[in-house]
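As you go down the protein sequences, you meet chains A and B in turn.
1 is the number of the first residue of the first sequence in the numbering used here; add one for each residue after it.
1 is the number of the first residue of the second sequence in the numbering used here; add one for each residue after it.
Rather than coming from a laboratory, the hints here were simulated on the basis of the structure.
Some clues are possibly wrong.
[Unchecked claim] Here are the computed lysine-lysine pairs in the DSS-like style, where the Cα-Cα straight-line distance is at most 30 Å: (1) A:K295 x B:K72; (2) A:K249 x B:K72; (3) A:K53 x A:K31; (4) B:K72 x B:K101; (5) A:K31 x B:K101; (6) A:K249 x A:K295; (7) A:K356 x A:K286; (8) A:K19 x A:K53; (9) A:K286 x A:K249; (10) B:K72 x A:K356; (11) B:K106 x A:K19; (12) A:K295 x A:K356; (13) A:K286 x B:K72; (14) B:K73 x A:K286; (15) A:K356 x B:K101; (16) A:K142 x A:K180; (17) B:K73 x B:K101; (18) B:K73 x A:K295.
As the structure is a computational prediction, the values presented were derived from the model and not from experiment.
Here are the chains, one letter per residue:
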Amino acid sequence: MKRSGRAPGDDRPLAIYAKQANAYQLTGVDKRASELGLRLAMSLADARAIQPKLEAVEAEPEEDARALDAIAGWCERFTPVVVVDPPEGLFLNITGCAHLFSGEEALRDAIVARLYAQGFSARAAVAPTPGAAWAFARYARKPRDDLEALAAFPVEALRLDPQAAALLRRLGMNTIGQLKGAPRGAFTARAGERAMLRLDQAYGRAREALTPRRPPPPVFALRRFLEPIFTTDAIMHVMQDLCTDVIAKLEIRGAGARRVELVLFGVDGRDRVISVGVSRPEREVKALIRLFREKLNVVAENIDAEFGIEAARLDVVHLAPIAETACELVVSEEGRATSEQISGVADILSVRLGAKRVLRPQMHELHAPERASGWRSALSETRDTQTLEPPADGVQRRPIRLFSPAQPIEALATVPDGPPIRFRWRRVLREVVRAEGPERISGDWTESAATRDYYRIEDHEGRRYWLYREGLYGEDETPRWFVHGLFA
Amino acid sequence: MSKAALHEIGPASPGAEAAAMGFALALTASWNPPVIFWAGEEAAFAEEGAPYPVGLAQYGLDLSRLIVIRAKKREETLWAAEQGLAAPGAVVICALGARGKALDLKASRRLLLFAERNRAHCLLLQPEGGPSAAWTRWRIAPAPSDGVERELGPPAFRAELTRNRAGPVGQTFILDWNAHARALTERALVGDLSAASRDGSFEAVRARAGR
């Protein structure tokens, strides 16, 4: 990877150097420097002697790593499976993607040309195995994808460290072809298993597991546009295609999508990710389209596609099996929403408002009133909400609304352990007419171990409150009173 | 009342918001809908207290059918309400906070339209009501318990019908909520409704409300 961030017209040769074994050595040369006879691993002093006009820049490995990763990210517009191979290499698994670019050769040329336009000179090769692609990209004069051509390459093309390569050369093995034809057992012992593994990997006789920069989605669809697109309408048009593709793949797997991400690749090199969650495995094009339309309405301003979008990928990042029979057995009553319809509405609401704003209740086995129940996203896995029947006597022991935190009040009680006879809340004095309690609740709140005595109170106007007294009379100075909730 | 699609419910006075919501929840539970959407603004939840699942279950609501929407602003609340009304048979409680103007006629027409199209019901909670497409408008105050001295009875409301597109207005009912039976029952007659039937069921209220 070579950077050419220089002013146009500056035609001095450029070299990158780094300190190696206590001497400055060239670790990168540009095309012009190379033509003038500068080579990698040449000492900086020698290079300067040959070319006094040389512009030499010290290497910044961390900066290079960042740049390589950025390029890898940019390459994800061609395939979701991009592997970073430091210090300067990338592997792109283009299986199933090349047809979108009218063939592998065209795809390779497009990538190199686009990188060159951004100031990076790159060599690229398409091959059946990562090892062969690595060798072709570095050692082939003309890019070829024929494994037979590997034989003529030097052993260094097998991704060996310098010592291993030097050893092979001392043994008389200069080319891959020689190594391949040599008696295997003898060489495995002497040259090491690694060289043999690399040989097998290059020829596809051994599997090679590469870790992609991002875990690849189990199902995805990719589209590239001849002309950049700009509008939400155009994006939605492409979505129709992408969704149809993705859903066909999901059908084969007998699964539905739970979380889907639309990645829009901008001409400016930035990608924008639009993510949509679904509460039950979804396999309907229409439903997905609708969710994305809502989401795009919300995020349209943030897409900021000034220079347009050149490619789009739809990833199903989370999928779940669909029970085929379940869909057919649901018999809905006339005029009553089915659970599919209800989750459909919950999905739309969550997409637009955010999953934290669309909630279903949840019961917990805890005593502290504020922890006895809570809320979960309506998108989360459906658990059977415990059905609690109202008490047979119809008496309401818990309020319908709860304040969090409880609101302090000024209360006046006649008996130390009794309910208040009047209290002031929100600047209004309220006369207590009826009161039931105390219900003592203590225990599982952690921050304060104070016991609470709860009272159900009705005031002179019939309004009902859930009050509590914190602490006991006699323990500390004055117990404090709070209103924790309201009854209907 | 259960057939009409849009009703307005408001507190009779400041401080009666909990009673107004209680009345809306009682109606909702009595209709046994397939799904209940409770859409409200974040600010109103802070002001009036957040829905409390334990209490709601005791109140007779089926928690497995409840979805609460905490909207950031008025427009989101209304949008969420319209979405909820797309589920056939749903009850949508659209709670607009004390802040902000009453809903205009156009917005209430939209709610009515959405609700009618899917045979859903919308209960619009707002303190003041201007012109509206709602079939009925109720002013709700809590009603004191009338049971044993010092004991709290079941939830009770003083409900005044202040608007009725299909019948007379001005009647006031004292209603008790029986959470177990999921029924609003009339406690006693007030006002001059001598002709009312006395079977004590909410059907009577509906009949007299002209529905």
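Checklist entry - Under the criterion that the straight-line Cα-Cα distance not exceed 30 Å, is the pair A:K249, A:K295 satisfied? => result 23 Å, holds
Checklist entry - Does the alpha-carbon distance linking A:K286 and B:K72 stay inside the 30 Å limit? => result 28 Å, holds
Checklist entry - Is A:K286 close enough to A:K249, meaning Cα to Cα at most 30 Å? => result With Cα atoms ~16 Å apart, A:K286 and A:K249 stay inside 30 Å; holds.
Checklist entry - Given the hinted pair A:K295 and B:K72, is their alpha-carbon gap at most 30 Å? => result Status holds; Cα separation ~17 Å.
Next on the checklist: A:K142 and A:K180 were given as a pair; does the straight-line alpha-carbon distance stay at or below 30 Å?
Outcome noted: 22 Å, holds
Item to check | Satisfaction of hint between A:K19 and B:K106, Cα-Cα up to 30 Å | outcome: 75 Å, violated
Next on the checklist: Does A:K356 sit within 30 Å of A:K295, going by the straight-line distance between their CA atoms?
Outcome noted: 15 Å, holds
Item to check | Restraint check for B:K73 with A:K286, where alpha carbons must lie at most 30 Å apart | outcome: Since the Cα atoms of B:K73 and A:K286 sit roughly 29 Å apart, the hinted pair holds (cutoff 30 Å).
Item to check | Proposed proximity, B:K101 with B:K73 (alpha carbon, max 30 Å) | outcome: 13 Å, holds
Checklist entry - Between A:K249 and B:K72, does the CA-CA distance stay at or below 30 Å? => result At roughly 38 Å apart (the allowed maximum being 30 Å), B:K72 and A:K249 break the hint.
Checklist entry - Is it true that the CA of A:K356 sits at most 30 Å from the CA of A:K286? => result Answer holds: A:K356 to A:K286 is near 25 Å, not above 30 Å.
Checklist entry - Given the hinted pair A:K19 and A:K53, is their alpha-carbon gap at most 30 Å? => result 21 Å, holds
Of the hints listed earlier, those the structure fails to meet are numbers 2, 5 and 11, in rising order.
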